[in-house]
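A.B. asks: Each chain, written out:
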Amino acid sequence: MSADHSFLDNRVLSRLLGLPLNARQPMMGSVSGRHRSPVRGSSVEFAQYRKYVPGDDTRRLDWRTWGRSDRYYIKEFEADTNLRLALIVDASGSMGYGEAGNTRLDYGRKLAGTLAYLAAQQGDAAGLWGVGKDHRQKIPAKRGATHLRLILDQLSLIEARGETTVLESLHEAAEQVSQRALVLVVSDFFVEPAELKHALEHLKFRRHDVALFHLLDPAELKFDFDRPARFVDMEDGETMMVDPALIARRYREVVKTYLADIDEIIRTTGADYHRITLETPYDDVLAKFLLARLQSKGRR
Amino acid sequence: MSFLAPLLLLGLPLALLPIAIHLIHMRRRRRVMWAATMFLKAAQRMNKGFSKLRQYLILAFRMLAVAAIVFVVGRPLAGGLLGLTGGAPATVIVLLDRSASMEQQLLATGVSKRAAALQNLTAAINEAYGDRSKITLIDSATLQPVVLESVDALPDLPQAGPSDTAADIPSLMQAALDYITTNQTGRTDVWIVSDLRRSDWNEGGGRWQALRAGFSSLDSVRFQVLAYPEAPENGLGIAVERVVRRETAGKAELLLDAQLFRSGPGEDLADVTVPVRVIVNGAVSTIEVPLKGREALLQSQAIPIDLNTKRGWGRVEIPADPSPSDNVFHFVFDDPPPLKSTIVSDASEVFLPLQAALQAPADPTRSYACQVLPPGRAAEIVWEETALVVWQAPIPAGDSVIAAQLGAHVRAGRGLILLPPEEPGDAAFDGIRWTAWQSARPNEPVLVDWWRDDSGLLSSTRAGRALPVGEIKVRRWCGIEGETIPLARLGEAAEEATLLAQATHESGTAAYFLSTLPGAGTSSLARDGVVLFALLHRALNEGAESLGNALQRTAARDALGDAPASWRQLESGDGDGQSLSFELPLQAGVLQREAAAPDQPGVLVALNRPPGEDAPQSLGKVELDELFDGLDWRLLERSLENEKSLASEVWRIFLLLMGAALLFEALLCLPARPEKAEIDWKGEKA
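Respectively, the protein sequence lines represent chains S and U.
Going by my numbering, the first residue of the first sequence is number 2, and it counts up by one from there.
Going by my numbering, the first residue of the second sequence is number 2, and it counts up by one from there.
In case anyone wonders, no lab produced these hints; they're calculated from the structure.
Please note: incorrect hints may appear among the correct ones.
In silico DSS-like pairs for lysine-lysine, Cα to Cα no more than 27 Å straight-line [to be verified]: (1) S:K257 - U:K42; (2) S:K223 - S:K198; (3) U:K53 - S:K198; (4) S:K198 - S:K134; (5) U:K49 - S:K257; (6) S:K134 - U:K42; (7) S:K205 - S:K76; (8) U:K311 - S:K223; (9) S:K143 - S:K205; (10) U:K53 - S:K223; (11) S:K223 - U:K42; (12) U:K53 - U:K42; (13) U:K293 - S:K257.
What follows is a list of derived Cβ distance ranges for each label pair [to be verified]: (14) S:M241 - U:S221: 18 to 28 Å; (15) U:M34 - S:P141: 48 to 58 Å; (16) U:M34 - S:A293: 53 to 63 Å; (17) U:K42 - S:G145: 38 to 48 Å; (18) U:R55 - S:L20: 51 to 61 Å; (19) U:R55 - S:K143: 36 to 46 Å; (20) S:D264 - U:A61: 11 to 21 Å; (21) S:A261 - U:R28: 57 to 67 Å.
Yeah, the Cβ is synthetic: ideal placement off N, Cα and C, and Gly gets one too.
I would like the entire structure built from these sequences, with the hints used as guidance.
C.D. replies: This is the structure we're talking about:
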């Protein structure tokens with residue numbers, strides 16, 4: 002069966018192809034690439050001199066410095082490596098919010114698919130974690146067109162259902178994604194902020210570059226209902242009789258507090274956070290995201 | 002609470018309709034698939050208390066509104082405080098005060114207190130009890146229970162009509178007690194309809210205690226006093242005190258003594274001139290009487306009459322006012338009979354001063370005669386002609402002929418004064434006996450400490466001067482045992498022994514007991530003769546009122562004796578002269594009984610209201626509380642000006658309640674004022 006890759010928009014791809022997907026910190030890639038690595042390598046970009054110690058490759062001795070100072074120095078150069086992009090897409094029931102064909106998951110699919118494509122195009126490895134309570138697709142990060150197709154296929158097959166496991170998935174990614182990687186999370190983050198903070202700190206401890214795409218619908222923020230209604234939880238099916246006239250004010254207070262907590266978490270963890278309302282064109286979101294990373298390319 | 006349409010209250014479960022609708026509505030509410038339920042739950046948690054309370058309040062107000070509608074259509078009645086609601090009693094006894102004062106009316110409508118009360122009571126019983134209770138009427142004039150087929154008949158019954166009698170409320174209560182105990186009436190409501198006149202209620206009488214005890218022993222008897230205590234404002238009244246025919250120089254005239262009075266609040270009463278009409282045998286003459294203050298006296302007002310008119314009748318009238326019963330006073334006149342008295346005594350020091358006093362002409366127009374008989378010849382007394390008997394001898398034994406004759410003499414309204422014999426004996430008259438003689442210390446006679454000067458034999462003169470009773474010195478006195486009304490008491494030295502007592506018979510007539518003698522060694526009654534003279538002549542005049550062929554009586558059920566049907570009404574209070582025979586003694590007017598022999602004149606009687614009906618003082622709540630102490634009773638005061646129904650429909654209250662409930666419900670349902678959400682959508686990195 003041929004998967005539907007309609008979430009990829011050629012117009013958007015051609016617009017964004019000129020913008021590189023950079024990491025904000027050195028990456029530990031498996032092959033040579035365009036991203037800085039924390040180790041010294043064999044690129045043409047001089048890094049530093051250091052004293053020779055026994056065991057060093059004598060071919061890398063700088064003879065000219067020996068001639069001037071009668072001391073042995075090793076000349077080191079920067080190493081460039083590739084990027085490992087771990088895409089974590091929340092596939093809980095709440096991601097199905099929105100009109101059919103334009104749900105939160107659809108939006109997230111576009112973001113994740115486009116980024117995977119961009120990464121593949123610049124020779125980086127990309128992997129996909131589609132996470133839900135009773136379903137999980139995990140594709141390790143690899144390079145190549147075939148692997149990209151696999152990721153896109155999986156993206157197209159992800160369905161929003163069940164309760165969220167985004168926190169568990171973040172902890173899991175922190176443990177399982179080997180070496181430094183760009184962990185990019187697409188979710189509504191309807192979780193306790195304190196637990197989210199804990200998960201982000203875990204990723205930071207593992208030196209991953211974390212980027213969060215927080216997808217929210219304006220209706221969820223405004224809570225603009227006028228008549229009592231039966232609200233059904235999209236994750237566990239629980240029903241609540243709610244009179245909006247009574248609780249709207251409280252609801253907005255809760256939302257405000259929640260968003261403030263998220264902001265505080267981002268400040269402390271340093272994650273690359275993007276709060277996105279679904280009415281914002283996703284190519285604008287991605288353009289901003291890539292441009293921001295262009296300006297803060299990872300230092301060694 | 003009772004309802005005119007109680008079946009409609011079956012619709013009360015409809016009050017649950019809002020709950021049912023609420024439940025249905027809950028099931029049919031719009032379903033919204035929602036992702037951000039964590040916010041919703043948190044908001045619900047924060048708002049749970051008030052939200053629930055508000056929801057319950059809304060439901061409660063809706064239920065209240067529906068229930069109020071059901072109550073409105075059920076036509077609720079007010080009157081729970083009166084005992085009109087809460088279920089019909091088995092028996093309702095109406096004790097109706099038919100006294101003359103109950104005819105006080107509102108001039109604008111012509112409705113009397115009695116008629117208004119009956120209408121109101123009938124409507125209330127009809128509405129509240131329907132035909133579930135047995136209705137019995139006992140009226141003050143006849144004291145006879147009448148069981149009604151329907152309460153609607155109450156206002157039209159002759160026994161509930163107007164009368165010119167006094168009301169004896171204790172007797173009325175006793176009649177109700179007897180009826181309840183005899184008929185075992187079950188749960189009973191006793192409605193007392195009265196204007197609370199003190200003269201009718203006799204709150205100081207000794208019978209109330211026995212009545213309270215009697216009613217306390219009964220279960221399920223409630224009293225409702227429907228009172229119209231309002232006194233007439235500046236109501237005028239007139240009463241004739243004496244009518245005497247006089248012939249001088251070939252012409253005849255009636256000498257009329259009358260009292261014009263007015264009642265009402267306030268001290269600054271304007272001076273008025275009242276036209277008093279005197280109608281004698283159809284001839285009308287009008288006298289303009291100036292009235293300053295509360296009363297004016299007409300003394301020996303001469304009314305010319307035909308020389309040949311030896312006897313006849315007439316009336317005095319004043320213009321109509323709110324109190325019609327005291328606007329007319331009837332009188333009759335005839336040659337007055339001689340004022341005959343008999344002294345039964347064998348002690349000359351006693352009977353001589355008595356005889357001298359009784360033979361002295363207090364009224365020069367009349368003739369006086371007094372005979373003295375020893376006790377052994379008491380049978381020679383001419384009872385039919387004797388106005389007063391002074392008995393200074395042992396009281397005859399109860400089963401003796403002379404005792405029966407004395408009793409009949411008193412019941413006929415004639416006078417009897419009993420003086421103590423030297424040997425008192427054990428016999429009693431109407432339960433009252435002499436005990437033993439007591440003596441004061443030598444040379445320290447006992448003075449009279451208290452005497453009743455407002456009424457009775459020792460009352461002050463018409464000019465208001467008190468009799469010199471306090472100057473009487475008593476050296477010996479005889480004790481009196483039995484239930485009497487004291488009219489004079491000796492000082493503390495005599496341990497406040499009774500000097501003069503009145504023994505009132507059931508028929509209302511009275512015998513007097515004087516506990517000392519006029520002799521020099523006993524008291525100074527003979528020496529200070531004014532008191533003795535006044536006392537004897539007042540008793541003589543009282544007794545003479547029932548002698549002769551022209552009698553002046555107060556309307557009462559026994560005013561015409563045992564055969565009221567033998568009397569023919571010549572003139573009545575309302576002028577139509579068509580009263581029923583058993584009502585004849587109850588209505589003011591002039592009546593005649595034909596003589597047994599054709600050559601003898603018939604007897605004329607003028608019936609008038611009792612004097613007590615002219616006294617407007619009424620009982621207050623405090624006195625009623627004392628009278629009904631320990632009984633289940635309620636007072637409901639009404640006035641003619643502000644007549645309110647006893648049981649009124651109160652649907653408007655429920656309608657207001659419903660409106661209020663709906664208003665509160667609407668307020669609670671008002672949507673909260675929309676707020677401008679101030680949320681930072683963009684987050685940390687815009």
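A.B. asks: Does each hint fit the structure? Answer for all of them.
C.D. replies: Going down the list of hints, with the structure as the test:
no.	hint	result
1	S:K257 - U:K42	holds, 15 Å
2	S:K223 - S:K198	holds, 25 Å
3	U:K53 - S:K198	violated, 35 Å
4	S:K198 - S:K134	holds, 20 Å
5	U:K49 - S:K257	holds, 20 Å
6	S:K134 - U:K42	holds, 21 Å
7	S:K205 - S:K76	violated, 32 Å
8	U:K311 - S:K223	violated, 115 Å
9	S:K143 - S:K205	holds, 22 Å
10	U:K53 - S:K223	holds, 24 Å
11	S:K223 - U:K42	holds, 16 Å
12	U:K53 - U:K42	holds, 15 Å
13	U:K293 - S:K257	violated, 92 Å
14	S:M241 - U:S221: 18 to 28 Å	violated, 59 Å
15	U:M34 - S:P141: 48 to 58 Å	violated, 34 Å
16	U:M34 - S:A293: 53 to 63 Å	violated, 34 Å
17	U:K42 - S:G145: 38 to 48 Å	holds, 46 Å
18	U:R55 - S:L20: 51 to 61 Å	holds, 55 Å
19	U:R55 - S:K143: 36 to 46 Å	violated, 59 Å
20	S:D264 - U:A61: 11 to 21 Å	violated, 45 Å
21	S:A261 - U:R28: 57 to 67 Å	violated, 38 Å
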